[in-house]
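So the sequence lines, in the order shown, correspond to chains W and E. Under the working numbering, the first sequence is numbered contiguously, ending at residue 232. Under the working numbering, the second sequence is numbered contiguously, ending at residue 232.
Hints are computed from structural coordinates only; laboratory data are not their basis. A couple of the hints might just be wrong.
Copies of one chain are not kept apart here, so a pair can be met inside one copy or by any two copies together.
Claimed, not checked - Result set (DSBU-like, lysine-lysine): computed pairs, CA atoms no more than 35 angstroms apart in a straight line: (1) K215 - K141; (2) K165 - K127; (3) K146 - K225; (4) K43 - K87; (5) K222 - K88; (6) K127 - K85; (7) K125 - K215; (8) K127 - K70; (9) K125 - K161; (10) K141 - K43; (11) K177 - K43; (12) K177 - K70; (13) K78 - K174; (14) K177 - K88; (15) K127 - K88; (16) K70 - K174; (17) K174 - K146; (18) K146 - K215; (19) K85 - K174.
Okay, here's what each chain looks like letter by letter:
Protein chains: 2
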Amino acid sequence: MLKIFKPSLYVILDLDLPGLSKDPLTLAEDLCTGGVDILQLRAKNSSGKYLFEIGKKLRELTRKNKKILVINDRVDIAQAVAADGVHLGQEDLPVEYARAILGKDKIIGISTHSLAQARKAHLSKVDYLSVGPVFKSPTKPELKPLGTVFLKKIVKISRLPVVAIGGINLNNLPEVLACGVNSVAVISSILRSKDVLETVKKFKELLHYGR
Amino acid sequence: MLKIFKPSLYVILDLDLPGLSKDPLTLAEDLCTGGVDILQLRAKNSSGKYLFEIGKKLRELTRKNKKILVINDRVDIAQAVAADGVHLGQEDLPVEYARAILGKDKIIGISTHSLAQARKAHLSKVDYLSVGPVFKSPTKPELKPLGTVFLKKIVKISRLPVVAIGGINLNNLPEVLACGVNSVAVISSILRSKDVLETVKKFKELLHYGR
């Protein structure tokens, strides 16, 4: 289980995101300094070698800063860099196999986009589920937003920590927090902001005092 | 080490290859029936879920037919489907980490494209190296062929089994075998042939009698 103060800030360092303001490692340093709780490395279009190299650097950085590091999709990269866990999508390796490889102590999260997927996640050995997109997402604009009424419903029935994702920014953050989520996952509104460090700090402020 | 009669037939079932004559599993059945020794699953553009599903089916099939199954790139998929090993490219997870994850009993192969890479491979814990492209390859036409003079040189200095790869067909096979390789890796000239089973059989004939 995620032993993280609720609500926590979960940032997905998506290396495929166009318009990243800095290089990945500098971004990650800003995120750590600003107070990110969980950092996910996502890079669907990168080679295993690059993922490994950047993952190893992020592992050093997150260990030093006592942050959680999760690797998207690639269980082998998570093992190789000794990450805290993996985040799996519906099209990734099935949870039971990832669990068998990683053992019980690693974190496994899964993306869910419907009530049925959220229910199914509860029958698998995951530690948390992400639910989204809550709002229209700049990174996945083709997906229909689920909305906060739906999010609230999932939080109510979920026995697992819920990470809200998709189009979350400083303006709609209070509405998301009001749903009782354990964590908010953010990509664009932090990574594309002019001052990443400042934006992370604002997110953290709202997470701790703005509920 | 690869406990395979020399020379063996190594076929790469590349799911991204345009113009595959049949569905992957039917192709694999033909390959097994025809006498492939090592089957590699390669699908750079497939999801982890799909790779896992097709990998599991190939595992059943290759186990039944006593063939070696190797997964390209993805160490986690190899673990999940209990493949015999992985094949790594120069841009994949470094060998030492793949070895740490898989343990000493699994096969790890690496692609090499130069003398320097072949030498470096000998310092790592791999079980074989592939060398290529020997000829102009239909699947990687941008790469400069290394030629059979070079191949022969590598075979001479290599303490590890050498798998020749790249543009190998029934016409140039005798020239490749004359270099003393342990195995020939074939993609297009088998998978794109009109009668896959017949072509595999012809390759096997030449491998056993045509040297």
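Cross-check of the supplied hints:
1. Taking identical chains as interchangeable, the C-alpha atoms of K215 and K141 are never at most 35 angstroms apart, the minima being 39 angstroms within one chain and 44 angstroms between chains.
2. Taking the shortest Cα distances, K165 and K127 sit within 35 angstroms of each other inside one copy (31 angstroms), while across copies they are farther apart (44 angstroms).
3. When the C-alpha separation of K146 and K225 is checked against a cutoff of 35 angstroms, the pair qualifies only within one copy, where the shortest distance is 29 angstroms, while the shortest distance between copies is 46 angstroms.
4. In this assembly of identical chains, K43 and K87 lie within 35 angstroms of each other by CA distance solely inside one copy; the values are 22 angstroms within and 51 angstroms between copies.
5. Proximity of K222 and K88 under a CA criterion of 35 angstroms is satisfied intra-copy only: 15 angstroms inside one chain copy versus 56 angstroms between copies.
6. When the C-alpha separation of K127 and K85 is checked against a cutoff of 35 angstroms, the pair qualifies both within a copy, at 19 angstroms, and between copies, at 34 angstroms.
7. In this homomeric assembly, K125 and K215 never come within 35 angstroms of each other (Cα to Cα): the closest approach is 40 angstroms inside a single copy and 48 angstroms across copies.
8. In this assembly of identical chains, the alpha carbons of K127 and K70 lie at most 35 angstroms apart whether taken from the same copy (22 angstroms) or from different copies (20 angstroms).
9. When the C-alpha separation of K125 and K161 is checked against a cutoff of 35 angstroms, the pair qualifies only within one copy, where the shortest distance is 31 angstroms, while the shortest distance between copies is 42 angstroms.
10. Within a single copy, K141 and K43 get their C-alpha atoms only as close as 38 angstroms, which misses the 35 angstroms cut-off; across copies the closest is 34 angstroms, which meets it.
11. In the homo-oligomer, the alpha carbons of K177 and K43 never lie at most 35 angstroms apart, since the shortest distance is 38 angstroms inside one protomer and 48 angstroms across protomers.
12. With identical chains, the CA atoms of K177 and K70 are at most 35 angstroms apart between copies only, with a shortest distance of 29 angstroms across copies and 41 angstroms within one.
13. Taking CA atoms no more than 35 angstroms apart as the test, K78 paired with K174 passes in neither setting, with 38 angstroms inside one copy and 38 angstroms between copies.
14. For a Cα distance limit of 35 angstroms, the shortest separation of K177 from K88 inside one copy, 27 angstroms, qualifies, whereas the shortest one across copies, 50 angstroms, does not.
15. In this assembly of identical chains, K127 and K88 lie within 35 angstroms of each other by CA distance both inside one copy and across copies; the values are 14 angstroms within and 34 angstroms between.
16. In this assembly of identical chains, the alpha carbons of K70 and K174 lie at most 35 angstroms apart only when taken from different copies (28 angstroms versus 41 angstroms within one copy).
17. In the homo-oligomer, the alpha carbons of K174 and K146 lie at most 35 angstroms apart inside one protomer (21 angstroms), although the nearest pairing across protomers, at 52 angstroms, exceeds that limit.
18. Taking identical chains as interchangeable, the C-alpha atoms of K146 and K215 are never at most 35 angstroms apart, the minima being 39 angstroms within one chain and 46 angstroms between chains.
19. In this assembly of identical chains, K85 and K174 lie within 35 angstroms of each other by CA distance neither inside one copy nor across copies; the values are 37 angstroms within and 48 angstroms between.
When the structure is compared with the earlier hints, violations turn up for hints 1, 7, 11, 13, 18, 19 and for no others.
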